[in-house]
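Trainee: These are the residues of each chain, in order.
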Amino acid sequence: MKRVASARTAILLVLAMGLSVGAGGRFDQKLAAEKQIPHALSRLTFGARPGAAAEVSRIGLDAWIDLQLHPERSVENPALAAKVAPLESLNLAPWQIAEKYILPQSMSARPLPSPQSLLTPAQLTMLTTGSVPERLATLDSLTPDVRRQVLAVAPDRIMDGMPQNIRQESARARQAEQEARQKEMRRQAPPLNELLAPDQQRIARNGSNADKLALLESLDPETRRHVIRAVGPQAFIGLPELRRQSMALSQPQQLVNSELIENKLYRAIHSNRQLEEVLVDFWMNHFNVYNGKGQTRVLLTSYERDAIRPHVFGRFRDMLLATARHPAMLIYLDNAQSQAPRDDQTLANASGAATRRPGLNENYGRELMELHTLGVDGGYTQEDVIAVARAFTGWTVYDAAKYAEFQFNPNTHDRKEKIILGHTLAPGRGEQDGLDVIDLLARHPSTARFISWKLAQRFVADDPPQSLVDRMAATFTKTDGDLRAVLQTLFSSTEFWSEGAWQAKLKSPLELVVSAVRALDSDAVDTFALAQRIADLGEPLYGKVEPTGYPNTGEGWASAAGLMGRINFATALTSGQIPGVRFDISQFNFKPPAIVARELLGGSLSSATLEAIEKGIEGREATPSMLTAAVLGSPEFQRR
Amino acid sequence: MLTRRYFLRASAIAAAGSGMAPLWLVRAVAGAERRRKILISIFQRGAADGLNIVVPFFESRYYTLRPTIAIPAPGAANGGIDLDGRFALHPSLRQLKTFWDSGQLAIIHAAGSPAATRSHFEAQDQMESGTPGRTTEDGWLNRALPFPVADASPIRAVAMGAKMPRTLRGNRGGIAVNDLAQFQNRSPELSSMLQNMYAATPDAGLAAPGKGAFDAMRLIDSINRTTYTPANGAQYTGEFGAALRQIARLIKADAGVEAAFADIGGWDHHSNENGSLPGLLQQFGNSLTAFARDMGDRMEDIVLVTMSEFGRTAREDGNAGTDHGHGNVMFVLGGSVRGGRVLGRWPGLEPEQLFEKRDLEVTTDFRSVLGELVQGQFGQPINQVFPGYQAPAPLGLLNT
Chain H
1 MKRVASARTA ILLVLAMGLS VGAGGRFDQK LAAEKQIPHA LSRLTFGARP
51 GAAAEVSRIG LDAWIDLQLH PERSVENPAL AAKVAPLESL NLAPWQIAEK
101 YILPQSMSAR PLPSPQSLLT PAQLTMLTTG SVPERLATLD SLTPDVRRQV
151 LAVAPDRIMD GMPQNIRQES ARARQAEQEA RQKEMRRQAP PLNELLAPDQ
201 QRIARNGSNA DKLALLESLD PETRRHVIRA VGPQAFIGLP ELRRQSMALS
251 QPQQLVNSEL IENKLYRAIH SNRQLEEVLV DFWMNHFNVY NGKGQTRVLL
301 TSYERDAIRP HVFGRFRDML LATARHPAML IYLDNAQSQA PRDDQTLANA
351 SGAATRRPGL NENYGRELME LHTLGVDGGY TQEDVIAVAR AFTGWTVYDA
401 AKYAEFQFNP NTHDRKEKII LGHTLAPGRG EQDGLDVIDL LARHPSTARF
451 ISWKLAQRFV ADDPPQSLVD RMAATFTKTD GDLRAVLQTL FSSTEFWSEG
501 AWQAKLKSPL ELVVSAVRAL DSDAVDTFAL AQRIADLGEP LYGKVEPTGY
551 PNTGEGWASA AGLMGRINFA TALTSGQIPG VRFDISQFNF KPPAIVAREL
601 LGGSLSSATL EAIEKGIEGR EATPSMLTAA VLGSPEFQRR
Chain E
641 MLTRRYFLRA SAIAAAGSGM APLWLVRAVA GAERRRKILI SIFQRGAADG
691 LNIVVPFFES RYYTLRPTIA IPAPGAANGG IDLDGRFALH PSLRQLKTFW
741 DSGQLAIIHA AGSPAATRSH FEAQDQMESG TPGRTTEDGW LNRALPFPVA
791 DASPIRAVAM GAKMPRTLRG NRGGIAVNDL AQFQNRSPEL SSMLQNMYAA
841 TPDAGLAAPG KGAFDAMRLI DSINRTTYTP ANGAQYTGEF GAALRQIARL
891 IKADAGVEAA FADIGGWDHH SNENGSLPGL LQQFGNSLTA FARDMGDRME
941 DIVLVTMSEF GRTAREDGNA GTDHGHGNVM FVLGGSVRGG RVLGRWPGLE
991 PEQLFEKRDL EVTTDFRSVL GELVQGQFGQ PINQVFPGYQ APAPLGLLNT
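Protein chains in written order, with the numbering used here: chain H, 1 to 640; chain E, 641 to 1040.
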């Protein structure tokens, strides 16, 4: 217990920094000089680490921004490379991920032999359509082994009218087969109580990490592997290698998604190229793909790496095209299934029931214009939605389960003429239709405005000033959608450097959690528990079902539930209850509240907050963890 | 019955502490004679397919438009559940039929927003605002509440979830609660420090949710001290069920709930609709059923209404799904509901009867449904809650 003194001089110093919160409409008032570095850090990074302001000051603000805009020029944090190196799925192509994580799992269950594989066609016909004596004769002609297998899998109708002893023989064969399979499964995946003594089971499940490691160390390699699988990934939070191993053995598909989340958080927490990570998050949200639809769970790795990340400082058109062709997007918004409408859409199948040939699906066509490019008021009609959907027919995925590659299928493409936003696409141009639509939309003035507005909303304020959006849109148009140039216009604008932008944004759950971890100068050795916390706060990573993505504005996040969750996160973090996050709380020992608050808030501390803290700890022992929890739970820390 | 129904849990009073029970709590105990009416809004996000939820099986055109995904007529294999010889419930909603039979469930078909948008977020924002064609900062259910007196319950209007839905945003109180069990802070010192901090903050955007959070925390903490067992064998299922169970728990604590909100997502069935709709409907219907059972005779004072941003195309699309459409179906459930009827004018499914030749027309404005409920439950004038809206003759949804 350390007594934290209050220091009046420090308060005055902090208050002299000047405070204004939620200052809308003051975009023409220049931001005070001492706020400029904290402001830049709050917008271009996931939150400042201690010492960051001094570093920016040393490099120079303009030079630092330029460095953030050109990540290839800065040296990456070597600790980050070591953290992401074990995440093997990150560097694999979709087909390799399928080969390594999906196909082995689906093949591990031994299929039941089918009667077809055991019998000659003549025997099969006799057994399925013959009279009782014919069926009996067929069974008698089989070797004992084949007879047993056939009886174990024979459908009920083969037993119709058969003598009691044969039916009993079949029932016995069935049961024996089932028991053999269960035995096989237990051999492949024995439960924990067959592997360990009761006291060992307790350690494996609920022991300290040190005890778990000692226990595993004492086992032979085969048993160790079984125990790691049987106890499950949840038992290894804070021990990332064992957790991944457990996941690989029990739910390999989950491991791919889990590694993607780990990667995102390691980078957000430790990368020196912070703006790049902020932008990857922004664009992944803009071109949202939900990880729970079909194969998207294992395709998102490639989607982020190949379709989004390479283009965040590049051309909008290239990113748009990369998302349009990526199997993750093609599956998520159903374009993979969309086909040319036909006149003879409805067929009757052999049994007389109606079936339908696949036809047009509007889902991608609509969201492409509404959410990805023009914006909902961008000037398109329902006819445009249908025409765009028709243009993209044939853009599909080749063998989604195994190879998951983009494929243009001319057989399902709508060859007729289309009119889109007043432009005519001549008939019979195949894949070129979609490419033309991408170009048309990427260069449309509504897109320039919508993308500029959305970026300004992320970096300046929930309701960004129109003057800024107009200038960004002009840059967008002039540079043919050069996103770095658009950001340069943004970061050199008077609106960005205005009092109106200061602390104007509420952090998303991801931003709040990562900024708190960074503010304490933490080392993340495992990000599993952090990801869970972010999900609990309402933002499961890669888990937004709707194509709109998560809100970019504060109104949705500023709720009682949200605040209670944030305060509880701050409490858990600072009292060391989030496994996998290491920091030195003693860095705050003996420091007065004003200094601690100043260090963590970077100059946004209000006198009201400081007074509440000082009054709260007056005359009592205040631990550094309580003090830091109060600061990280404060209104100021919820903003950036 | 009344004494049992309005009995205030002793633990709630005990937890509030002797001599410091907030005024609303004292009043709730003393004023137990005032029957508190409750309105609950359920949002089906993603545009639910009303035509397969309440099936117009008398329309042969329905079967022509949906050759592979139509729900067979009652009596056929996997057929719908006959309501009135014209409409049938989806078979996964079997449990709701009980309430139809007892007259507590009314259905309004071809209902929805007159705005033509087929954008999910725009239509949701507008419907939750209660202002078709535009979005307002506050929501219709917040405006439907009487202006709060200073000592109104901190949970008078409660939304289930981490985010505050637009439906309940506004200046008449209302908080979002994600998980009752997590709605607490284990350190009393830190709690009071943060409470003071948020009470004094100059940050206008966070002061209100901060106050709401700490006020509600004390109350919810007291509710959490008792264990909760749903009554009458009610079985809640899924995430949506968990949300309704928490609403039920708060209502039964007699802690001043007047309005509640819950949502259920996943209705955007562009492909393989019959693969995913049944499971979702089962969660939906069974959870509503569980809630009504759990509430028992409290349902006399509760009205629950369901809505979705728009309906889906009358014709199935190319992938055994449906695309974004227009008119939809709404459910109204409650003890005072004049149910057992499918209300609203049926516009028909012939090409010239469809909205823009593709979607079910809207013949009942969703505001006329909500307006009647707001008036019946809270006595609020309709045009205060839905500004500029001229309500037509009432449908007669509630017993007066």
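Be aware that one or more of the hints could be misleading.
[Unchecked claim] Which stretches of chain E does chain H cover? Using the computed rule of at least three CB atoms under 8 Å from a CB of chain H, they are:
(1) 715-727
(2) 831-838
(3) 958-968
(4) 984-997
[To be verified] Simulated crosslink set (EDC-like; lysine to aspartate or glutamate; CA at most 16 Å straight-line):
(5) E:Lys737 <-> E:Asp724
(6) H:Lys183 <-> H:Asp199
(7) H:Lys615 <-> E:Glu829
(8) E:Lys851 <-> E:Asp765
(9) E:Lys997 <-> H:Glu383
(10) H:Lys293 <-> H:Glu55
It should be emphasised that the hints constitute simulated quantities derived from the structure, not laboratory data. Ideal Cβ positions, reconstructed from N, Cα and C, are used throughout, including at glycine.
Trainee: Could you tell me which of the numbered hints above are not met by this structure, giving the numbers in increasing order?
Mentor: 1, 4, 6, 8 and 10
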